[in-house]
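Chemist: The chain contents come next:
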Amino acid sequence: MSGRLSLHPRRTLRRQAFMRQLASPRLECPCSKNWVFNMSIADSLTAPVNKIIPFSLVDGPGSRTSVFLQGCNIACAYCHNPETQNLCIGCGTCVEQCPAGALTLSDGVVAWDKSACVQCDTCIHVCPHKASPKIEQLTPHEVFDIVHSYQPFIRGITVSGGECTLHPEWMRELFALCREVGLGTLIDSNGCVPLWEHEDLLEVADGVMLDVKAWNPAVFARLTGGDAETVKRNLAFLAERDKIEELRIVVVPGWNDPEQTIAGIARVLGDKVATTKLKLIRFRRFGVVGTLADAASPTDERMAELEKLARDTGFSQVELR
Amino acid sequence: MSEFMDIITASNLTYGQKLIHLAQAAENCEHPIPTTPEFDWFFERDAICDMHEGNAPYRPRYICCDMERFARQGSDFLRLDAPDNLDDLLMNLQILYQNVPSVTGRPVYVGQLDRVFDPFLDGLSDEEILPRFKRFLNYIDRTVASGYCHANLGPEDTRAGRLLLQADAEVQNAVPNFTLKYEEGITPDDFARLALKTSMACANPAYANHRMHKHTYAAPVDGPADGYTVVSCYNVLPVRGGAYCLDRVKLSQLADLATSPEHLLNELLPNATGALLEYMDARIKFLVEDSNFFQTSFLVREGLIDRERFVGMFGMIGMHECIEKLLGPNHVYGTDPEANDLADQIMTKMTDQVQAWSAPYSEIADGHYLMHAQAGFGDQTSSTPGVRIRVGSEPEVFFDHIRHCARMHRFFKAGVSDIFPVEPTAANNVDALLDVVKGAFAIDDTYLSFYPSDSDLVRITGFLVKRSEMEKFARGEAVLADTSHDGEGNWRANNLANRKVRLG
Ligand code: SF4
Ligand code: SF4
Numbered sequence: 036m037s038g039r040l041s042l043h044p045r046r047t048l049r050r051q052a053f054m055r056q057l058a059s060p061r062l063e064c065p066c067s068k069n070w071v072f073n074m075s076i077a078d079s080l081t082a083p084v085n086k087i088i089p090f091s092l093v094d095g096p097g098s099r100t101s102v103f104l105q106g107c108n109i110a111c112a113y114c115h116n117p118e119t120q121n122l123c124i125g126c127g128t129c130v131e132q133c134p135a136g137a138l139t140l141s142d143g144v145v146a147w148d149k150s151a152c153v154q155c156d157t158c159i160h161v162c163p164h165k166a167s168p169k170i171e172q173l174t175p176h177e178v179f180d181i182v183h184s185y186q187p188f189i190r191g192i193t194v195s196g197g198e199c200t201l202h203p204e205w206m207r208e209l210f211a212l213c214r215e216v217g218l219g220t221l222i223d224s225n226g227c228v229p230l231w232e233h234e235d236l237l238e239v240a241d242g243v244m245l246d247v248k249a250w251n252p253a254v255f256a257r258l259t260g261g262d263a264e265t266v267k268r269n270l271a272f273l274a275e276r277d278k279i280e281e282l283r284i285v286v287v288p289g290w291n292d293p294e295q296t297i298a299g300i301a302r303v304l305g306d307k308v309a310t311t312k313l314k315l316i317r318f319r320r321f322g323v324v325g326t327l328a329d330a331a332s333p334t335d336e337r338m339a340e341l342e343k344l345a346r347d348t349g350f351s352q353v354e355l356r
Numbered sequence: 014m015s016e017f018m019d020i021i022t023a024s025n026l027t028y029g030q031k032l033i034h035l036a037q038a039a040e041n042c043e044h045p046i047p048t049t050p051e052f053d054w055f056f057e058r059d060a061i062c063d064m065h066e067g068n069a070p071y072r073p074r075y076i077c078c079d080m081e082r083f084a085r086q087g088s089d090f091l092r093l094d095a096p097d098n099l100d101d102l103l104m105n106l107q108i109l110y111q112n113v114p115s116v117t118g119r120p121v122y123v124g125q126l127d128r129v130f131d132p133f134l135d136g137l138s139d140e141e142i143l144p145r146f147k148r149f150l151n152y153i154d155r156t157v158a159s160g161y162c163h164a165n166l167g168p169e170d171t172r173a174g175r176l177l178l179q180a181d182a183e184v185q186n187a188v189p190n191f192t193l194k195y196e197e198g199i200t201p202d203d204f205a206r207l208a209l210k211t212s213m214a215c216a217n218p219a220y221a222n223h224r225m226h227k228h229t230y231a232a233p234v235d236g237p238a239d240g241y242t243v244v245s246c247y248n249v250l251p252v253r254g255g256a257y258c259l260d261r262v263k264l265s266q267l268a269d270l271a272t273s274p275e276h277l278l279n280e281l282l283p284n285a286t287g288a289l290l291e292y293m294d295a296r297i298k299f300l301v302e303d304s305n306f307f308q309t310s311f312l313v314r315e316g317l318i319d320r321e322r323f324v325g326m327f328g329m330i331g332m333h334e335c336i337e338k339l340l341g342p343n344h345v346y347g348t349d350p351e352a353n354d355l356a357d358q359i360m361t362k363m364t365d366q367v368q369a370w371s372a373p374y375s376e377i378a379d380g381h382y383l384m385h386a387q388a389g390f391g392d393q394t395s396s397t398p399g400v401r402i403r404v405g406s407e408p409e410v411f412f413d414h415i416r417h418c419a420r421m422h423r424f425f426k427a428g429v430s431d432i433f434p435v436e437p438t439a440a441n442n443v444d445a446l447l448d449v450v451k452g453a454f455a456i457d458d459t460y461l462s463f464y465p466s467d468s469d470l471v472r473i474t475g476f477l478v479k480r481s482e483m484e485k486f487a488r489g490e491a492v493l494a495d496t497s498h499d500g501e502g503n504w505r506a507n508n509l510a511n512r513k514v515r516l517g
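These protein sequence lines are chains A and B, in that order. Throughout, this note's numbering is defined as the position within the first sequence, counted from one, plus 35. Throughout, this note's numbering is defined as the position within the second sequence, counted from one, plus 13.
Don't read these hints as lab results, they were simulated from the structure. Glycine included, each C-beta is placed from N, C-alpha and C at the ideal position. Do not take every clue at face value.
To be verified - Which chain B residues face chain A? A few, computed with CB under 10 Å, are given here: (1) 313; (2) 314; (3) 316; (4) 380; (5) 435; (6) 439; (7) 441; (8) 445.
Claimed, not checked - Far from chain A by the CB rule (all over 10 Å, computed), these chain B residues: (9) 38; (10) 72; (11) 225; (12) 273; (13) 279; (14) 305; (15) 311; (16) 406; (17) 412; (18) 438; (19) 442; (20) 444; (21) 448; (22) 451; (23) 452.
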């Protein structure tokens, strides 16, 4: 390995081990809970971190640090960060095109030299696999050290993705560390991982910001490639545990069913509808690739209509974005 | 043409502005304050500066009248009875403002308005009060018309405070500047949120760390308990008192004379500091002993100010450029540890020397001058305000920026500040701003201000101006507020439009 390969040789080794595990057939289905590796020594547990935003205004209440993990278990047609969907498979396409020589391929694994990178994002644009080579495999402690350094300016962290709940043990450890120093812990999730199987994670999480992307299973499947049933079970489970921080519906004209979704959510929530925060988010094509790259946003009238419907249905905290 | 004729025939000054400039030019024909050869040497090289305060001071630089006392007693000299309702009070204040001098010729302080107004609101509805407050704020904006003019609020939540914030958001004026004294545990979150919402609507108020400031000056007898107030570009001064003068060492220029960091630290800095201290002594003695201001002003006679509650401010400016010149381009002030340590060393040395000097007529500050991080004015290009990091060199992470600020703030009892343009979307999450204020103040940052990056009202060195007014002045038109003059040059010269937008 040359000195330029990586800033952090330890991390590169870990990354290579991780990549080899990824390539094993056992892990091919990303929806399976097997996605998470059974690392016996907790400290060597890592997750692929796409980026950490020290200060986010939009990921929960107050000032928070957002941690984005790489890799998703669904593929929404309107995904705004498609490069976070998959883990790099080491095809090497981006390596040749990096203008700064920040990427190298060895042993089927791409190494990224953060200090040489000029953040031009060429790699992301040329990647044919909706992945990014600019990922760091970090342990919960490593991420904690970073977010902890932002105290006292933040009140908590929000872990997002990709789909962060694909790494429940890693999250649990990170959250436990955060709680020890009084940092809040929020999960931002697409709801497609059965969270009821991860009670220990929920125990250390303040709440979940949950996407309900569509209600009708066929509509949901067309939009995301995933299963609406899991989201609905999660919704009921989280409501019962009082762990819903907010619910979000992205309104995509012609692609989802916000009326049914609002009604469906209200049925599941029952009395809790009045105290549950609902965000209605306008689809915007910024950053979107593929089928919806040129699709129109819903009109203001449409959004106002939906807001009214939500209020009539019993939601008292509705926000338009 | 003479300087006088230039002023008389100017096409971009209003009548009132010409009067002020002419008075300044006349004052500067006299030279009653002796200077030492040392002072002259540094002065000629622009390494120390008298802030163009005028050669013959006949009034203190900043006056902070005890407006609460005025609201209780009225004024014999002005033949004003003590007010017994809000309308009388507002009229009394408007009359008083016309009679409070300062270096700008107009008041730099209009009062801790929430405390002044709150006792007069009983029996009036919000709907009755709001239009009165708005008229009053417009009166100040259009008559004082100087961005250096300042009002204070807090730290307690009051009805008057809330209504003033609401009124200020509605009138969208540049004058007065507002400071909210903030202390966690005393200022309720709810009130702080309203203030932050207002800041995102009209760039006011800014935030002072009350916990840090409240013990700076003893409280005046029968006066406000906290004893301090914030005026002009964030000068922290004794209420019922003020500042005699503000003079400064221009570190950026001093560094031009230095052959090495040691040369600056061990020779130039002590010499320049000493020369300026002697000059301040002479200036203050003239003002107190010869000008007859304190002997004759009705403000003294009626107890609205006490001579014993005035301080001299020892200012500094241009730390960023100083470090750049001493250490070269590879050690950028604000982010490089060696650069920051040298800055710390310079400040420690200067502060110690100022603290060791025994200053005349400085009872309220235990016989010393107090340090102030001067924020600059006009179109000076070569000096970044005080200890601020130059626009364009700000640390990537906002929190690192604040940590640096807090580290440098500890030297300045008489005020230091920072200005952060923030994403307009922060208006949707004022809790996040509140977290930042709490975090910053918890680590002993003493003062900060925000404005939305897309706002018409922008902060220059601390004072507010309207972008639209600066543009008018740049086109050669006369504008009402003369701080638009300073603002226009400074905005362009210091690249302020490119301040790093935070919280994005
Ligand atoms: S963003 Fe990607 S392509 Fe650009 S320099 Fe960095 S690694 Fe190379
Ligand atoms: S990031 Fe994409 S293009 Fe680059 S090696 Fe990985 S899969 Fe291939």
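Chemist: Evaluate each hint against the coordinates.
Modeler: Verification of the supplied hints:
Hint status for residue 313 (chain B): violated, given a least beta-carbon distance of 44 Å to chain A, over 10 Å. At its closest, the beta carbon of residue 314 (chain B) sits 48 Å from a beta carbon of chain A; the interface hint therefore is violated under the 10 Å criterion. Violation of the interface hint for residue 316 (chain B) is found here, the shortest Cβ-Cβ separation to chain A being roughly 42 Å, above the 10 Å cut-off. With a least beta-carbon distance of about 36 Å to chain A, the hint placing residue 380 (chain B) at the interface is violated under the 10 Å criterion.
Satisfaction of the interface hint for residue 435 (chain B) is found here, the shortest Cβ-Cβ separation to chain A being roughly 9 Å, below the 10 Å cut-off. With its C-beta approaching chain A no nearer than about 6 Å, residue 439 (chain B) sits inside the 10 Å limit, and its interface hint holds. The interface hint given for residue 441 (chain B) holds, since its Cβ lies 7 Å from the closest Cβ of chain A, which is under the 10 Å cut-off. Restraint check, residue 445 (chain B) versus chain A: the minimum CB separation of about 4 Å is within 10 Å; hint holds.
The claim that residue 38 (chain B) lies off the interface holds: its Cβ sits roughly 49 Å from the closest Cβ of chain A, which is beyond the 10 Å cut-off. Against chain A, the non-interface label of residue 72 (chain B) holds: every CB pair exceeds 10 Å, the least being about 42 Å. Non-interface status of residue 225 (chain B) relative to chain A is upheld: no Cβ of that chain comes within 10 Å, the nearest being about 15 Å off. Every C-beta of chain A lies more than 10 Å from that of residue 273 (chain B), the closest at about 32 Å, which supports listing it as non-interface.
No beta-carbon of chain A comes within 10 Å of the beta-carbon of residue 279 (chain B); the shortest separation is about 36 Å. Every CB of chain A lies more than 10 Å from the CB of residue 305 (chain B), the least distance being 51 Å, so the non-interface label holds. Non-interface status of residue 311 (chain B) relative to chain A is upheld: no Cβ of that chain comes within 10 Å, the nearest being about 48 Å off. Every CB of chain A lies more than 10 Å from the CB of residue 406 (chain B), the least distance being 18 Å, so the non-interface label holds.
The claim that residue 412 (chain B) is not at the interface with chain A is violated, since a C-beta of that chain comes within 10 Å of its own (minimum 5 Å). Under the 10 Å C-beta cut-off, the non-interface status given to residue 438 (chain B) relative to chain A is violated; the minimum distance is some 6 Å. A beta-carbon of chain A is positioned within 10 Å of the beta-carbon of residue 442 (chain B); the least distance is around 5 Å. A Cβ of chain A approaches the Cβ of residue 444 (chain B) within 10 Å, the least distance being about 4 Å, so the stated non-interface status is violated.
Against chain A, the non-interface label of residue 448 (chain B) is violated: not every CB pair exceeds 10 Å, the least being about 4 Å. A beta-carbon of chain A is positioned within 10 Å of the beta-carbon of residue 451 (chain B); the least distance is around 7 Å. The non-interface label for residue 452 (chain B) is inconsistent with chain A: the shortest C-beta to C-beta separation is roughly 4 Å, within 10 Å.
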